[in-house]
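The whole structure should be built from the sequences, with the hints applied where relevant.
Taking the numbering used here, the leading residue of the sequence shown gets 46, the next gets one more, and so forth.
All clues stand as given, with none of them false.
Listed below are the simulated BS3-like cross-link pairs for lysine-lysine, each with C-alpha atoms no more than 30 Å apart in a straight line:
id, residue 1, residue 2
1, Lys-94, Lys-156
2, Lys-61, Lys-104
3, Lys-103, Lys-55
4, Lys-97, Lys-85
5, Lys-73, Lys-106
6, Lys-106, Lys-159
7, Lys-121, Lys-156
8, Lys-110, Lys-88
9, Lys-47, Lys-97
10, Lys-103, Lys-133
11, Lys-88, Lys-55
12, Lys-73, Lys-103
13, Lys-55, Lys-73
14, Lys-104, Lys-85
15, Lys-112, Lys-138
16, Lys-133, Lys-104
17, Lys-119, Lys-133
18, Lys-103, Lys-88
19, Lys-119, Lys-138
20, Lys-156, Lys-133
21, Lys-61, Lys-138
22, Lys-61, Lys-85
23, Lys-61, Lys-47
24, Lys-104, Lys-55
25, Lys-73, Lys-63
26, Lys-103, Lys-138
27, Lys-138, Lys-104
28, Lys-103, Lys-61
29, Lys-110, Lys-133
30, Lys-88, Lys-63
31, Lys-133, Lys-159
32, Lys-104, Lys-73
33, Lys-88, Lys-106
34, Lys-85, Lys-106
Derived by calculation from the structure, the hints in this document are not laboratory data.
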Amino acid sequence: MKLSPLSQVKKEFGSKEKLVSEVVSLLKSLNENLPEDIEKRLKSQTSLKLMKLYNNAKKVKEIGKEKIVEVILKVKRSTSKKVDEAYKASLLKYPVSRLYNLYQSAERALKRAK
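What follows is the structure, given as structure tokens:
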């Protein structure tokens, strides 16, 4: 039987507070612009959302933001010949979850194109 999100958090991290601190440290390592009250705001989120954010941030850190942006731009180049540097800069400013979702969409588009 599948564990509930809270049970999963307790099993993997011990408590929700430890998960929040892990998420914050991951986001800081990715040079995210975090508001000052980020820990307070994250503590009020559900365990499921925190786990998704943690997993997305971990995957982005493993792959690297630059590589993710390159994959997204590769798909963009196939539809339009010119890729704007301003667009690349704006992609690098996207939050981790949004960037990872775009990356997943781009990966699927590349697989369909083959």
